[in-house]
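J.: Sequence lines, in order, name chains A and B.
Sequence positions in the first sequence follow our numbering and run 1 to 363.
Sequence positions in the second sequence follow our numbering and run 1 to 363.
Hints were generated in silico from the structure; no laboratory data involved.
Careful, some of the hints might be misleading.
[Claimed, not checked] Incomplete in silico selection of chain B near chain A, CB under 10 Å: (1) A31; (2) D77; (3) A155; (4) G159; (5) S163; (6) G174; (7) V175; (8) A239; (9) L242; (10) E280; (11) G281; (12) P294; (13) P295; (14) G298; (15) R313.
Glycine included, C-beta positions come from ideal geometry on N, C-alpha and C.
Protein chains: 2
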Amino acid sequence: MGSNADPGGGSSRDPGGRAPRYAAAGVDVDANTRLIPRLRALAAQAGRPEVLGSIGAFAGLFDLSGVSRPLLVASTDGVGTKLLVARALARYDTVGEDLVNHCVNDILTAGARPLFFLDYLAGAGLNEDSKVAVVEGVARACAATGTALLGGETADMPGLYRSGDFDIAGTIVGVVEKGRQIEGTTITSGDAVFALPSNGLHTNGYSLAREVLGLTADPERARALLAAHDPGLGESLGAALLRPHRCYLSVVEPFLDRCKGIAHITGGGVQENLERILPEGVCARLDPARWSIPPLFGLIQRRGAISDAEMYRVFNMGVGMIVVVAREDAEVVRRHAPEACDVGFLEPVPGSRTVEIVGIATP
Amino acid sequence: MGSNADPGGGSSRDPGGRAPRYAAAGVDVDANTRLIPRLRALAAQAGRPEVLGSIGAFAGLFDLSGVSRPLLVASTDGVGTKLLVARALARYDTVGEDLVNHCVNDILTAGARPLFFLDYLAGAGLNEDSKVAVVEGVARACAATGTALLGGETADMPGLYRSGDFDIAGTIVGVVEKGRQIEGTTITSGDAVFALPSNGLHTNGYSLAREVLGLTADPERARALLAAHDPGLGESLGAALLRPHRCYLSVVEPFLDRCKGIAHITGGGVQENLERILPEGVCARLDPARWSIPPLFGLIQRRGAISDAEMYRVFNMGVGMIVVVAREDAEVVRRHAPEACDVGFLEPVPGSRTVEIVGIATP
């Protein structure tokens, strides 16, 4: 691919040196002209043979003609205010990984494998190297998951974003063969419930975390707090907060055909996200003593004097993904994913679907 | 569809009343809980039978198994600082149309018809009704173009966006049968070049337009300037600036199979965008006297004392789309699209591809 990949689009496309008034209005067309080949080179690193390289000046083209009975599975996401932690530390190369991995996990819940990704990067006063670093993160995660970086848009929006600020979003499209999609409908009492560990907050709860950790006021102070080594964490607060959202594709793929339901634990936490995939008549009872909760969550809870119930509703609390398989398939999960914790069981509950976490009050 | 459409995702999913500290950190979870059913109802208005409604808590599913030899065509776009004009006028219901129409036009250049769309809406302190109005615009344009609104993400990001500010982006996925994609490669000298009129700036050049029109400094003054009737425009400046990006799908569809090349005129203007689809060895010579330029462009040029060359590089100058057909198909275009202007001709030019606009200096 490469030549048709178009991560620098629309408003950033105006060539340099020919638009002096545009430049004066805050759109650095020169820098954008230099940017496009660098972004295309990154997209070329995340290619697939199905991407058609000869065309696509305005759009990316992906050949799906070799797939029989395709169901397309798509998701759009952002990174939330984790961006502001990255911004405070001037670390631009990780948030793209967050974005892609979040999206890959989302479509994995339906049993889909990724085909391609498109990114949106908007901001003001972001220099060329920072933009490239953001898309580098996107391209790295795309390459690691076999996802083509098919296109994107880079927009300078002075007046909306403060200078140096930016936002990113991304869209993934994946595929699952019709009839093999995972719907959760076959989940029943007696099935096994496994949790796959998260490595931190992933991309949820950062507005709360930043506030209770004192990161929202003075940028200088925020930088100092983030940079300091924290003995309880065994690393700096910034390193713990910025760790990219884990991608579960390679973990789950070996037993994907055994999965009856998959929940990606994002905003709303374990309870709400697991509840979304349960059929009516099934109650999940999970025991948090069976999985380990990274120290970052305890730090946030203590600093904010936050109730257990709220912690479990805002944060993933150490659980990045939950997979439900038939009891007889539990061994397959354990073999392929030794880190998976058998965290509870499913019971019948007439006319309802609920998730209870032992010891945590239902808010 | 509807139940699986997920336009309110991730960070906005946390239920209300159960997260007091989260609310204090600026994420109004109560409002977001009320928002989700309203956004789902909008998505239901932009449905298609291929959307699978029973699943998709984390992603949208679209059944493509009925399409033979599909090439997927995808594009991501934003609306740029046109958003700030909408914000100044507190008009939230049009920018979603801009977004969808821009994307539909982008994939139309490859000969693709839309399948589905996903939106991203991020901001801070935007009330529920304003968010709904934004997605209403998205849904309206999706419904008008036969595009399913398959999903989306709504994110509250206090600390990144100023209160009341927001950004939107969107991704479209369309399809064209393999072998029928439009590539521009068959364009040759002697082909006919038609321009389809734009209805204003569409979504490009707003940073420059806002600056020269005095809209960037004081919000109160901007509002007054936008609201005042302008005799030269025959309407208010705000109405002229906010008019949604035209969608050319219904215009071009009747003769889509005759098109050898289609250029969507966005940032970079007629020259750069037409150049993108020309094969090597072809020069286009266009005569701007053959199409009409809406008075808004003249107003911007006078106020900013902007050169012709820069105007043509930043703005569409009245041309929203250019289609190239064989000379013998010109009559078909005229019959289906009486508004189409035959704006010039294509000549051989060894080893190069260029676009000249008669009377406009090459910058």
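J.: Going through the numbered hints above, which ones does this structure break? Give me the numbers in ascending order.
T.: As far as the earlier hints go, 1, 5, 8, 9, 10, 11, 12, 13, 14 are violated by this structure, in ascending order.
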